[in-house]
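Got chain A sorted already, so can you dock chain B onto it with the hints?
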Amino acid sequence: GQNIDQPTEMTATEGAIVQINCTYQTSGFNGLFWYQQHAGEAPTFLSYNVLDGLEEKGRFSSFLSRSKGYSYLLLKELQMKDSASYLCAVRLTSGTYKYIFGTGTRLKVLA
Amino acid sequence: DTEVTQTPKHLVMGMTNKKSLKCEQHMGHRAMYWYKQKAKKPPELMFVYSYEKLSINESVPSRFSPECPNSSLLNLHLHALQPEDSALYLCASSQGAFGSSYNEQFFGPGTRLTVL
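Line order of the protein sequences matches chains A and B.
Residue numbers for the first sequence follow the working numbering, so the first one is -3 and each next one is one higher.
Residue numbers for the second sequence follow the working numbering, so the first one is 20 and each next one is one higher.
Errors might be hidden in some of the hints.
Straight-line distance between alpha carbons at most 20 Å, and here's what the computed DMTMM-like set of lysine to aspartate or glutamate pairs gives [claimed, not checked]:
#: 1; chain 1: B; residue 1: K37; chain 2: B; residue 2: E86
#: 2; chain 1: B; residue 1: K57; chain 2: A; residue 2: E5
#: 3; chain 1: B; residue 1: K59; chain 2: A; residue 2: D78
#: 4; chain 1: B; residue 1: K28; chain 2: A; residue 2: E5
#: 5; chain 1: A; residue 1: K77; chain 2: A; residue 2: D1
#: 6; chain 1: B; residue 1: K60; chain 2: A; residue 2: D1
#: 7; chain 1: B; residue 1: K59; chain 2: A; residue 2: E37
#: 8; chain 1: A; residue 1: K53; chain 2: B; residue 2: E123
#: 9; chain 1: B; residue 1: K55; chain 2: A; residue 2: D1
#: 10; chain 1: A; residue 1: K94; chain 2: B; residue 2: E77
#: 11; chain 1: B; residue 1: K60; chain 2: A; residue 2: E5
#: 12; chain 1: B; residue 1: K60; chain 2: A; residue 2: E73
Examples of chain A residues toward chain B, derived with CB under 8 Å [stated by the list, open to error]:
#: 13; residue: F25
#: 14; residue: F29
#: 15; residue: A38
#: 16; residue: P39
#: 17; residue: F41
#: 18; residue: Y44
#: 19; residue: D48
#: 20; residue: F56
#: 21; residue: F59
#: 22; residue: S61
#: 23; residue: L83
#: 24; residue: G100
#: 25; residue: K104
#: 26; residue: A107
Bear in mind the hints are in silico, worked out from the structure with no lab data behind them.
If you're wondering where the values come from, they're calculated on a predicted model, not measured in any experiment.
No residue lacks a Cβ here, since even glycine has one placed at the ideal position from N, Cα and C.
So that you can see chain A by itself, here it is in the shape it has in the complex (with noise of 0.2 Å):
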């Protein structure tokens, strides 16, 4: 089977930093996707590792060990906007379009 975990809830301060983990275990691996999903609306993509190490997109980055079936997104200088829920996603193997989606992630930014 196919089991991809996150913590279900965070709460953080605005300005301070939060690291949010996803572990997971798939038949296969082909990319992991971070996805951000406000309440009521569509997921939208933040980004992507398929190789080990990190990835920086301005206030976001993003860490992959595939040995650890490990990956992390970290936000910094939180903002109030940043209250979603935050989803990592599995691609299971090249050339198909099979994504598994974790369990989610509540990000819950406090004033």
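This is chain B only, laid out in the frame that chain A set:
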């Protein structure tokens, strides 16, 4: 145009009704997806079309019937649904190039479906 559109935004239907959800993209993407999302849960993959052919059906009940009339359009036909089918139905698209290393999905705003 980097948008995926979905209609209708909201749909209420009875268990004996037949209705359709529509999805459209004009980004030249060749892969299109249907997901079902229940409240406070992640999206669950239902169907994938690749180059207008059905490539993945995640054992979805036959009361859901997908259709891809052309590379820009994706429909989901609904018939004899159950109350537990009430959910947000999300459409997504991605480039679909074989072996592409990126291929992030672009999601539409979804159709919120209520089955009475």
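To see whether the hints hold, each was checked on the structure:
| no. | hint | in the structure |
| --- | --- | --- |
| 1 | K37/B - E86/B | holds, 15 Å |
| 2 | K57/B - E5/A | holds, 17 Å |
| 3 | K59/B - D78/A | holds, 17 Å |
| 4 | K28/B - E5/A | violated, 28 Å |
| 5 | K77/A - D1/A | violated, 24 Å |
| 6 | K60/B - D1/A | holds, 12 Å |
| 7 | K59/B - E37/A | holds, 12 Å |
| 8 | K53/A - E123/B | holds, 15 Å |
| 9 | K55/B - D1/A | holds, 19 Å |
| 10 | K94/A - E77/B | holds, 10 Å |
| 11 | K60/B - E5/A | holds, 12 Å |
| 12 | K60/B - E73/A | violated, 27 Å |
| 13 | F25 | violated, 13 Å |
| 14 | F29 | holds, 6 Å |
| 15 | A38 | holds, 4 Å |
| 16 | P39 | holds, 5 Å |
| 17 | F41 | holds, 4 Å |
| 18 | Y44 | holds, 6 Å |
| 19 | D48 | violated, 15 Å |
| 20 | F56 | violated, 14 Å |
| 21 | F59 | violated, 18 Å |
| 22 | S61 | violated, 19 Å |
| 23 | L83 | holds, 6 Å |
| 24 | G100 | holds, 5 Å |
| 25 | K104 | violated, 13 Å |
| 26 | A107 | violated, 24 Å |
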